Amino acid sequence: MTMSFTLLRVLCLMVALVLSGPASAQSAFPPVKAAPQGPVDWAPLAPLGEPGTSAWVRGDQADVRLIAARTAVAGGQDSVRLGLQFDLKPGWKVYWRSPGDAGYPPSIDWTGSDNLADATLEWPVPHRFELFGIQTAGYDGQVVLPITARLTEPGRPVQLAAAVEYLICSEICIPGEATLALSLPAGPGGPSDFAHLIERFQAQVPSAGHGIALDRFTVAGETLEVSVTADPPLKAPDVFVEGPLGAGAGDGVVSGAPKVHLADGGRRATFTMPLLAAQAPNTALTVTVVDGDRGLEVQAEPTAGAVRVEEGGLGLAAILGLAVLGGLILNLMPCVLPVLSLKVMGFVSHGGAARGEVRAAFLASAAGIVVAFLVLAGALAGLKMAGAAVGWGIQFQQPLFLIGMIALLTLFAANLWGFFEVPLPSWLSGAGGSLGAPRTLAGHFSAGAFATLLATPCSAPFLGTAVGFALARGPLEIGLIFAALGVGMAVPYLAIAAFPALAQKLPRPGRWMLWLKVVLGFALAGTALWLLAVLMAQLGSEAAALVAGLMAAVVAALALRHRMRETLRPLASLAVVALVAAAFAAPLTQRPTEAVSGSVPVIGLWQPWSLDAIAAEVAAGRVVFVDVTADWCITCKVNKAAVVERGAVLDALRGPGVVAMKADWTSPDPAIADYLASFGRYGIPFNAVYGPAAPDGIALPELLSTDAVLQALTQAAGTPAT
Numbered sequence: 141m142t143m144s145f146t147l148l149r150v151l152c153l154m155v156a157l158v159l160s161g162p163a164s165a166q167s168a169f170p171p172v173k174a175a176p177q178g179p180v181d182w183a184p185l186a187p188l189g190e191p192g193t194s195a196w197v198r199g200d201q202a203d204v205r206l207i208a209a210r211t212a213v214a215g216g217q218d219s220v221r222l223g224l225q226f227d228l229k230p231g232w233k234v235y236w237r238s239p240g241d242a243g244y245p246p247s248i249d250w251t252g253s254d255n256l257a258d259a260t261l262e263w264p265v266p267h268r269f270e271l272f273g274i275q276t277a278g279y280d281g282q283v284v285l286p287i288t289a290r291l292t293e294p295g296r297p298v299q300l301a302a303a304v305e306y307l308i309c310s311e312i313c314i315p316g317e318a319t320l321a322l323s324l325p326a327g328p329g330g331p332s333d334f335a336h337l338i339e340r341f342q343a344q345v346p347s348a349g350h351g352i353a354l355d356r357f358t359v360a361g362e363t364l365e366v367s368v369t370a371d372p373p374l375k376a377p378d379v380f381v382e383g384p385l386g387a388g389a390g391d392g393v394v395s396g397a398p399k400v401h402l403a404d405g406g407r408r409a410t411f412t413m414p415l416l417a418a419q420a421p422n423t424a425l426t427v428t429v430v431d432g433d434r435g436l437e438v439q440a441e442p443t444a445g446a447v448r449v450e451e452g453g454l455g456l457a458a459i460l461g462l463a464v465l466g467g468l469i470l471n472l473m474p475c476v477l478p479v480l481s482l483k484v485m486g487f488v489s490h491g492g493a494a495r496g497e498v499r500a501a502f503l504a505s506a507a508g509i510v511v512a513f514l515v516l517a518g519a520l521a522g523l524k525m526a527g528a529a530v531g532w533g534i535q536f537q538q539p540l541f542l543i544g545m546i547a548l549l550t551l552f553a554a555n556l557w558g559f560f561e562v563p564l565p566s567w568l569s570g571a572g573g574s575l576g577a578p579r580t581l582a583g584h585f586s587a588g589a590f591a592t593l594l595a596t597p598c599s600a601p602f603l604g605t606a607v608g609f610a611l612a613r614g615p616l617e618i619g620l621i622f623a624a625l626g627v628g629m630a631v632p633y634l635a636i637a638a639f640p641a642l643a644q645k646l647p648r649p650g651r652w653m654l655w656l657k658v659v660l661g662f663a664l665a666g667t668a669l670w671l672l673a674v675l676m677a678q679l680g681s682e683a684a685a686l687v688a689g690l691m692a693a694v695v696a697a698l699a700l701r702h703r704m705r706e707t708l709r710p711l712a713s714l715a716v717v718a719l720v721a722a723a724f725a726a727p728l729t730q731r732p733t734e735a736v737s738g739s740v741p742v743i744g745l746w747q748p749w750s751l752d753a754i755a756a757e758v759a760a761g762r763v764v765f766v767d768v769t770a771d772w773c774i775t776c777k778v779n780k781a782a783v784v785e786r787g788a789v790l791d792a793l794r795g796p797g798v799v800a801m802k803a804d805w806t807s808p809d810p811a812i813a814d815y816l817a818s819f820g821r822y823g824i825p826f827n828a829v830y831g832p833a834a835p836d837g838i839a840l841p842e843l844l845s846t847d848a849v850l851q852a853l854t855q856a857a858g859t860p861a862t
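So our numbering is basically just the index in the sequence shown, starting at one, shifted up by 140.
Don't read these hints as lab results, they were simulated from the structure.
No experiment lies behind these values; they were computed from the predicted model shown.
Check before you lean on any hint, since a few could be wrong.
[As the list claims (entries may be wrong)] Using 30 Å as the maximum straight-line C-alpha spacing, the simulated DSS-like pairs for lysine-lysine come out as follows:
1) K229 <-> K375
2) K802 <-> K777
3) K780 <-> K802
[Claimed, not checked] Simulated DEER-style distance windows between Cβ atoms:
4) T423 <-> D371: 29 to 35 Å
5) A833 <-> K375: 16 to 22 Å
6) Q299 <-> A360: 49 to 55 Å
7) R495 <-> V659: 28 to 34 Å
8) R198 <-> A718: 52 to 58 Å
9) T288 <-> P832: 41 to 47 Å
10) L700 <-> L616: 48 to 54 Å
11) L616 <-> L790: 41 to 47 Å
12) L790 <-> L456: 37 to 43 Å
13) A833 <-> E785: 22 to 28 Å
14) L616 <-> P748: 37 to 43 Å
15) G406 <-> P632: 47 to 53 Å
16) A756 <-> H336: 26 to 32 Å
Don't be surprised by glycine CBs; every beta carbon is placed ideally from N, CA and C.
I would like the entire structure built from these sequences, with the hints used as guidance.
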């Protein structure tokens with residue numbers, strides 16, 4: 141046990157050091173914007189403080205001291221009540237005894253103390269912190285960990301030397317240390333100035349009281365269920381299930397975040413949660429139920445039995461059906477329209493072709509779509525397991541990905557304009573082909589994969605539900621649901637593969653296709669310009685202009701190559717490769733501008749977004765409309781143009797008592813990602829309405845309608861519809 145805990149601490153220290161590097165944006169706790177990122181800069185004061193306390197050990201992230209409930213040790217007194225006090229700076233947290241998926245709790249080495257037999261550290265009710273599926277438990281603000289110190293010689297003076305080690309986290313995690321000294325003389329003394337503070341946190345240590353009682357503790361497969369009764373009623377309960385407690389330390393949380401069902405006005409609660417670790421037979425587990433500042437802690441052995449199924453919940457089979465439907469509708473979303481040129485050229489190139497050739501081509505395109513979705517699923521599952529941000533379309537937040545897509549679109553457009561062709565090996569399909577009008581199985585496969593990548597900035601009805609369900613679960617569910625999304629998007633291709641006569645009735649290819657290719661090439665060039673605008677929002681106008689100039693040079697080089705002698709064309713090809721490589725390197729030489737985020741003021745109708753601002757406006761009786769958007773989200777722009785910024789909705793948002801807030805997710809912002817995850821959403825567009833009658837928010841559908849927005853505004857205000 142001791143060795144495993146030591147190894148865990150070493151691993152956590154290594155993770156903390158890695159996370160403190162410049163590439164880190166995640167930690168075990170939700171990040172804050174203004175957290176200092178330097179090393180802990182301790183400035184210990186004198187070894188002794190006022191009566192009943194050690195001196196503060198002050199730091200940039202937290203102040204730490206040791207306090208006592210009395211100023212002296214009375215005659216015959218065999219123990220003293222102490223407290224380890226943390227005053228944490230805003231945004232910084234320390235861990236509970238069982239920290240969860242990451243971290244380690246505070247520990248105290250009493251070596252050097254005099255007249256101290258042993259000391260027992262106790263743990264007030266913790267708070268749950270969640271970031272993209274990583275569950276941790278701990279404390280923020282101010283916390284006092286109560287300590288019972290047993291004396292070797294009752295009634296004699298005690299000298300306490302406490303070497304404290306802990307991990308403190310915000311955007312980064314920093315190992316902290318504090319050396320504390322406290323002296324309590326012998327004598328009658330009296331209560332110290334800190335007695336009430338210690339007792340307040342002692343009252344928060346979970347026990348068998350506090351008006352909460354365990355009714356039922358069952359296990360079924362990999363699911364745990366805890367049922368409790370409470371008086372007074374529960375308000376916002378949570379539960380942690382740990383391995384057996386030994387020697388005052390937990391063996392770790394073995395349950396995931398629960399689904400909570402309250403009944404009888406909060407006097408009964410049922411928690412259903414996943415079991416994350418194998419349970420030994422006949423093993424008592426520690427159940428800690430918390431609700432605000434009170435908690436229940438009992439050790440119990442779960443019994444085998446059925447667990448409660450939450451009404452209205454969708455199973456995996458239903459979600460797979462929604463995923464297929466969402467993928468099908470995705471074909472109609474504006475993000476997929478930029479690849480219309482590739483689809484059109486693919487269709488018209490099959491006019492008069494043999495049935496077998498048509499069927500194989502469209503099956504290859506469908507395979508490209510499904511494989512691309514599976515690659516996305518693997519990448520998102522890997523990021524989630526590594527603790528990184530996950531979401532639908534988040535790759536468009538990465539400048540290098542944007543530059544890669546801009547380069548591909550530029551090459552596709554130049555190909556459609558006839559500046560070059562890239563013949564593919566004949567062994568792939570026995571016939572040549574090119575990027576613009578694929579005539580090989582590999583070309584059709586690539587076109588399907590490319591269409592999938594450009595579709596990811598869009599959302600569609602049912603797609604958000606399916607993606608949210610997948611990303612809240614494990615790799616298997618992510619893979620299955622994303623495969624279903626791919627099948628749904630590939631349905632039109634599969635339909636033509638099943639009925640190839642549809643494609644055979646198209647006009648045969650001819651000279652008219654040359655003019656069509658030019659027009660569709662300009663459509664792809666327009667898409668590249670849109671992505672350049674997104675890049676400018678992330679890196680600034682200078683970097684975007686540099687990439688645009690390099691892409692223009694690529695087109696010019698390809699146009700010149702087309703007119704060069706055969707012997708000189710390799711030089712032009714090398715120039716194209718060098719220009720594309722320079723585009724990828726260009727952002728590294730630029731100084732990125734500060735990305736627009738939820739905390740940056742927005743001009744006009746919109747106000748800056750923050751959770752605190754929402755709470756303040758609702759407390760003042762106002763209705764808040766939240767729009768989470770990004771420059772790369774085409775569906776977001778369609779929602780604004782068609783619904784939000786016109787007609788009755790615009791009039792309502794400008795009306796008295798209504799506030800519109802914008803959260804811009806063009807660049808990565810963990811606060812916005814965490815906000816989306818709180819609604820079970822992992823992509824945008826996302827809109828929610830808050831008000832006195834809806835303080836927790838009403839989530840709106842991905843595709844907005846005037847009626848849906850107006851109804852939510854009325855419902856949140858708590859006024860009858862007119």
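How the hints compare with the structure:
Straight-line distance between C-alpha atoms of K229 and K375 comes to about 27 Å, which keeps the hinted pair within the 30 Å bound. Between K802 and K777 the alpha-carbon distance is near 13 Å, which keeps this suggested pair within the 30 Å criterion. Between K780 and K802 the alpha-carbon distance is near 12 Å, which keeps this suggested pair within the 30 Å criterion. A beta carbon spacing of about 30 Å between T423 and D371 agrees with the range 29 to 35 Å that was offered as a hint.
For the hinted restraint 16 to 22 Å between A833 and K375, the CB-CB distance of approximately 18 Å keeps it satisfied. Range check, Q299 to A360: Cβ separation about 54 Å, and the 49 to 55 Å hint holds. R495 and V659 have their C-beta atoms about 29 Å apart, which keeps the hinted 28 to 34 Å range intact. Take R198 and A718: their Cβ atoms lie about 55 Å apart, and the range 52 to 58 Å holds.
For the hinted restraint 41 to 47 Å between T288 and P832, the CB-CB distance of approximately 46 Å keeps it satisfied. L700 and L616 have their C-beta atoms about 52 Å apart, which keeps the hinted 48 to 54 Å range intact. One distance hint, 41 to 47 Å for the beta-carbon pair L616 and L790, holds here, with the actual separation near 45 Å. Range check, L790 to L456: about 41 Å between beta-carbon atoms, so the 37 to 43 Å window is met.
One distance hint, 22 to 28 Å for the beta-carbon pair A833 and E785, holds here, with the actual separation near 25 Å. Taken as a hint, the range 37 to 43 Å holds for the pair L616 and P748, whose Cβ atoms sit roughly 40 Å apart. A C-beta distance of roughly 50 Å is found between G406 and P632, which places it inside the suggested range of 47 to 53 Å. Separated by about 31 Å at the C-beta atoms, A756 and H336 satisfy the suggested range of 26 to 32 Å.
Going through the hint list in order, the structure satisfies each hint without exception.
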